Each structure stands twice: as structure tokens, then as C-alpha cells.
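Here's the letter readout for the chains.
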Amino acid sequence: DQQVKQNSPSLSVQEGRISILNCDYTNSMFDYFLWYKKYPAEGPTFLISISSIKDKNEDGRFTVFLNKSAKHLSLHIVPSQPGDSAVYFCAASGLGGGADGLTFGKGTHLIIQP
Amino acid sequence: DAGITQSPRYKITETGRQVTLMCHQTWSHSYMFWYRQDLGHGLRLIYYSAAADITDKGEVPDGYVVSRSKTENFPLTLESATRSQTSVYFCASRGAGNEQFFGPGTRLTVL
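Chains A and B, in that order, give the protein sequences. Sequential numbering of the first sequence, starting at 1, is according to the working numbering. Sequential numbering of the second sequence, starting at 1, is according to the working numbering.
Derived from the structure by calculation, the hints contain no laboratory data. Treat the hints loosely; a few may be bogus.
Stated by the list, open to error - Quick list of simulated restraints, FRET-style, between CB atoms: (1) B/22 with A/8: 32 to 38 angstroms; (2) A/83 with B/107: 19 to 25 angstroms; (3) A/39 with B/50: 27 to 33 angstroms; (4) A/71 with B/38: 23 to 29 angstroms; (5) A/68 with B/14: 46 to 52 angstroms; (6) A/83 with B/22: 28 to 34 angstroms; (7) B/65 with A/60: 39 to 45 angstroms; (8) B/13 with A/54: 44 to 50 angstroms; (9) B/20 with A/61: 37 to 43 angstroms; (10) A/55 with B/14: 47 to 53 angstroms; (11) B/59 with A/68: 20 to 26 angstroms.
Given the structure is predicted, the values throughout are model-derived calculations rather than measurements. Even glycine gets a Cβ: it sits at the ideal position worked out from N, Cα and C.
Produce the entire structure from the sequences given, and follow the hints as far as they go.
Structure representation (C-alpha cells):
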């Protein structure tokens, strides 16, 4: 059973607009969440993270929101740029801080249209 | 080169052969991980290691063996490759923070 779900396999957004990528989780023991960006033929690159004690974390154009009661997080990219076109993975770790690995969603392919 | 490297980047082998994928990191991170990425599955954890000589199974360990005699190296061996092990393999390391840093991946094809 999938513990981290990204229900949108792909998302198309116009350049300059906001991109919103969503992620749901089922395991209440998850307490740290991360977003990774992946280009073809490259490894995933860490983007931004959030601890379960927070509900928002911002880094430049990227903001992650966490709603613990709904077990839902989202990544907002404002404004969207052509270089943002990539696959985005949501990941979660338990109380060990990911020492025993991360649990990933299946990814969302973001396409930024000119 | 600083960071985390994987070799080979591409490998084609035949069913039943032994294959070893290499992973090397220069950060002296304690934690290292192996994931596989398959269409429709995202990344799944194969094995992880908390330090030299300490390894443990992840979600999908069957058919794989790991070792960690040195902190900087974490090789993954497929003892008898099967077609179902055709995948892209990513090695990662983690330092004091929660973030994991990934290598460029090895694309393995088992014929």
C-alpha cells in the first residue's frame, strides 16, 4: 500500500504562473517531508523540506505547505520558469530523520509552457 | 571530484550474471542508501547503511547484496541478475541533516 501518494502524474502550467504540486500521505509516523526535482538522466536534487512542527517553509520561489490533519502537503512554485520543467518527487521520513531511508511518491511531471 | 558518484552509468548484462554497481561519496557521510526507480513506482529503498560494516534491508532487498568496508564506498551486487532487476539505480548519502543527496544513477538492463 502506497504511503506517499502523488495523484497527478503530470501538470502543465504557463510560464510566469503558479505551479502547485500536491502530495498525500497515510503514515502518521512521518514527521519530515522533502521535495526533490529530477531531470532526465540525472539523480534527484533536493529542493525544499518541512518538519511536521511547521506548516510552511519558504525558499525563494518555492514554498511548501503542510496540513497535518489532512495528511497533505503541497509545493508552490511562483513564478514558474521553463527550467522548472522536471519530475518532482515528494518524500517522507519517520522519527529517525530518514536514517532508515525515505519513502517516495511516484512523482509528478511538471511541464512549463512558454 | 567532490560529491557522490556512481559507476558504471550504463550497464547491459545477461540473466544469471553477477553485476556490481559502485557508489562513492567524498563527504564522509555516515549514512548511505540504494534506491531503484521503476516506471509507476517512484524510488524504492533496496538497502541502507548507517556506517561502515552496518547495513540493513529496505523495502525491496531480494536478489541484492551490499557491503560497506569503507565509509566512502557502498557497492550494490546483483548476485544472479534477473530481467525484473532492469531499472535505474540511485545511490544516496546523508550527513547530519535529514536531506539525502543522490548520485547520477546507473541504468541497468538485464537481457
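Results of checking the hints against the structure:
no.	hint	result
1	B/22 with A/8: 32 to 38 angstroms	holds, 35 angstroms
2	A/83 with B/107: 19 to 25 angstroms	holds, 24 angstroms
3	A/39 with B/50: 27 to 33 angstroms	holds, 30 angstroms
4	A/71 with B/38: 23 to 29 angstroms	holds, 25 angstroms
5	A/68 with B/14: 46 to 52 angstroms	holds, 49 angstroms
6	A/83 with B/22: 28 to 34 angstroms	holds, 31 angstroms
7	B/65 with A/60: 39 to 45 angstroms	holds, 42 angstroms
8	B/13 with A/54: 44 to 50 angstroms	holds, 46 angstroms
9	B/20 with A/61: 37 to 43 angstroms	holds, 41 angstroms
10	A/55 with B/14: 47 to 53 angstroms	holds, 52 angstroms
11	B/59 with A/68: 20 to 26 angstroms	holds, 24 angstroms
Of the numbered hints given earlier, the model fails none.
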